[in-house]
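Asker: Going down the list, the protein sequences come from chains A and B.
Residue numbers for the first sequence, in this note's numbering: 212 to 623.
Residue numbers for the second sequence, in this note's numbering: 1443 to 1754.
Hints are computed from structural coordinates only; laboratory data are not their basis.
This one's a predicted model, so the numbers in the text were calculated from it and none came from an experiment.
Wrong hints could be hidden among the right ones.
[As the list claims (entries may be wrong)] To list a few chain B residues with every Cβ distance to chain A over 10 Å, as calculated:
no.	residue
1	Pro1464
2	Val1696
3	Lys1735
4	Thr1751
[What the hints assert, rightly or not] Residues of chain A placed beyond 10 Å of chain B at every Cβ, according to the derived structure:
no.	residue
5	Glu244
6	Pro387
7	Met429
8	Glu433
9	Ala611
10	Ile621
[Stated by the list, open to error] One side only, chain B facing chain A, incomplete, derived with CB under 8 Å:
no.	residue
11	Gly1465
12	Ala1502
13	Ile1503
14	Phe1513
15	Ile1528
16	Val1534
17	Gly1567
18	Ile1705
19	Pro1706
Where a beta carbon is used, it is the ideal one built from N, C-alpha and C, also for glycine.
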Amino acid sequence: MKRMLTGNASAAWGARISEVEYIGGYPITPQSEVVELLSKWVAEGAMNAVYTNYESEHSMFAGVGAASLSGVRAFTSTSSQGLMFAIEMLYAIAGWRAPVVFVNVARGLGMPMILQVEHGDIMGIRDTGFLQLHAETCQEVLDFVPMAYRIGEDRRVMLPVAVNMDGFLISFGREPVDVPDKELVRDFLPKYNRPYPVVDFSNPVAYAPTIVDGYAYMYFKEQLQKAQERAREVFYEAAADFERIIGRRYEPIERYMLDDADYAIVSTGSYSTIIRGAVRRLRERGERVGMVRIRMFRPFPRDEFVDALSGLKGVAVFDQNISLGKGGVIYTELAEALYHAKERPRVLMSFIGGLGGAEISFDAVRYMLERLKDAVASGEEPRNPNWLFSEEDRRRLARALKLTLGEEVISE
Amino acid sequence: MSSEPTRYRTLKDIPKEEYMAPGTPLCAGCGAQLALRLALKALGPHTIVVNVPGCVALFAIYPYSSLKLPFVFTSFVAAPATAQGIVDAIKVLRSKGVNLPEDTKVLVVVGDGAAYDIGLQSSSGALHRQLDHYYFVYDNEAYGNTGFQYSSATPFLSRTTTSEATDRVPGNTFWKKDLFEIWRAHGVPYIATVAASKPVDLLRKFEKAARFKGPKLFLALGVCPTGWGSDPQMTVKIDKLAVETGIWPLKEAVYGEVRHTYIPRSLKPVEEYLRTQRRFAHLFDGKHDDLLKEYQARVNAYWEKVWSTELK
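Isolated chain B, as found in the complex:
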């Protein structure tokens, strides 16, 4: 990535402009907010935000709004379709001579519940129609706003309020759905995973995405102290650990060609990440070592493939 021209080289290059007002009603230490704040800085002032029920809905609580941008709140399922209507309307308005800024963008902001589960049909439709929009998912790996219930983004072995860890069940027994690959199968121009602890990587990805017409999809890790049972002041550290353990790979796909934008030479043990969060606390009673090994093996297998194909 360093070989490509960019205006983002160091932390000093993070734009000063703010599109998110200080003092939002989100939880202390919210990782989703950090990532979104950076994303908005990259996207700029001519961005129309489409949002659905979820944590980020708290940005607009009547009669206040924490975003200095046009905002439409729509049904849980319907963010991509709502974005389609706006993008299509912009086409109509321009054809009738209405003067809109050249860099007008439509940004969908949804959580993992909307992206992985209930809104997947609507997003698949919009991706198939190659809708020219940005789609930003803050993935806190459960239905966070309703009290941290299981979603198909919930990682293996995580406890949630609807996938409890008991003597009989070790929390969630399903592996996290691979939304990146589902998106990739739609043949869209740009997909990226991002992490708030890697702001330059995040900004560069938005910068790069701007070159493409069509769906530009971002999957951001949303460290969630409230749901994960982590220390709010450790959010950035946990976010970093997710990357360094290889659990949250940073990558992009341009027209389906996958490339990792950060490749750790060696991985920190997954335990280091899992131990920071109460949702995984049940795994460290000495009775779950096999499952922890399975977790580590799965992460290792992922990276073996990356190392063999991308590190030459």
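Chain A extracted, bound-state conformation:
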């Protein structure tokens, strides 16, 4: 059934059709609509679940993790500062092997405070053990929730999953979204059947005792890494079933206009819509450029990237995040992925943009392509990272500062 849904409502519907049994909630902009809807549906009886309002994100993640450990399918969602506050519990949940699913509504990280989109929050949890699926559209937000449970709850994986959508653009943007029937989702997603639930007195288990020896600790960390690696093949199985039952097909990365391309732009999230449009226009002008978009960020789709980008002359990575002191996170990870590729692209460039909801346009995408072509032609090592500040951005900032300070601090 098609409905006009915001990204937030799509996330809530994703939890609803996945027949989530437990929800922990705590508000934060731009995520609050997700927990508002779920609490309402539970109160109305539209969902057969328990909903609890927590007093912080840290407690909320502890609660949903513990519920999952007890054998109950658990869901939550948060954003930005809330995710950072909870990050300690994310490591705990992954270590418990509790396949919680949560939706992150990406937002920048203060200070300075910001409400709009940036991927600093979701990238900040990349080392926790959570799998990550990144949505571009409301439809993907909804579809990725049952996909996430299917992959995370698989016995070969047993890991929590983060589904990411962009704040404002997707969280508050409305699109026609197909909401699959519960029966179809039941076909796709078996019931959560946890081995060794903590509530089993006939077989009492001590979850996460303290380890004093490094070798035993390393063993557990290695198990987590192996589970991450196995999640890749489980993704493909889940995607094949999802297509067969629900009718939409997802790959770990999306390849756009890559046939006979010399150049490509790599991105993730909703800004990919802008980049895709620009790539199409550039193609119309005869530029041999394509795009690769990330859907699965953890485990990192290394082989898929090598396959998609081998033989290209230049690749630009659009990072809507910054690891301060290093640069873009996707750029860094992609550089590692391509290092041993036999036909790796000659030039790999890093662009930082769209932080805190800063806009990008066709011109920004054309600029990235021009810089790539210059670097390929000159044969010199490109400087990274490069900041996507437009002249208009600079003028707006200069005007605002002049207005408040009464003097020109930055020249227009």
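Starting from the structure of chain A, add chain B where the hints point.
Answerer: Relative to the frame of chain A, chain B by itself:
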């Protein structure tokens, strides 16, 4: 309390069942372990233990566990929230027809660092939501497991490794935080202080708590030979002295109504208790008599109030 029906009348009534294996890796003479062992006997076999970093974490050192009960180790801050998730999950499982023992309980076990300081927000949230669980604090009055650093449960004038006693400072200059009253302000059904040296009182309180749905909170004195600098074989005696000097009052609050379960007719001088522990040794150099008087006056004032209201 004697007027209420109970299965615990004398020491002989202490249940024989053990849920704590012998030979735990805790320190010799650990008072927290004595109190917890009794608590588990009262709670029985269908108890899920939620624990955080602290001394009691030593009960589960991979690949061993000293507790014969399901156990979840969670973040320092998050024990009450973790208990919430389990209690809520039990509700879900029961609604779906999963058969769980009727007397299934969730027990949070934390030290004073987690209870008074870093986990106070999480516990306040769970208490406000009237979470049906048991919450057991072993209060050894400092961060014991990390080497005895100051916490807000550290008593007045105690030396700790982060509140040293020097020529300029007499150890900790703050009065112990009144966690009992903070809990009471949440309007929970049952709160009690307990001491391992009064096992019948302790068991009866757990027995009584079982009548109530909602938070059931226990504050147990955790005599700590390692941190306090006391003789391990004197633990029970020191525990008793804490009660007899009036420093550790035994009381309960049912829906906020406070009642002392043991009211000494006269108090032993606080000095008798303080002298058993090296953490207070600096007070007995003849230069701290004023502070000792202040300590005694504060304890006296507490009991004057109790005597005037509860002894009629």
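Asker: Against the structure shown, which of the earlier numbered hints fail to hold, in ascending order?
Answerer: Numbers 11, 18, 19, in rising order.
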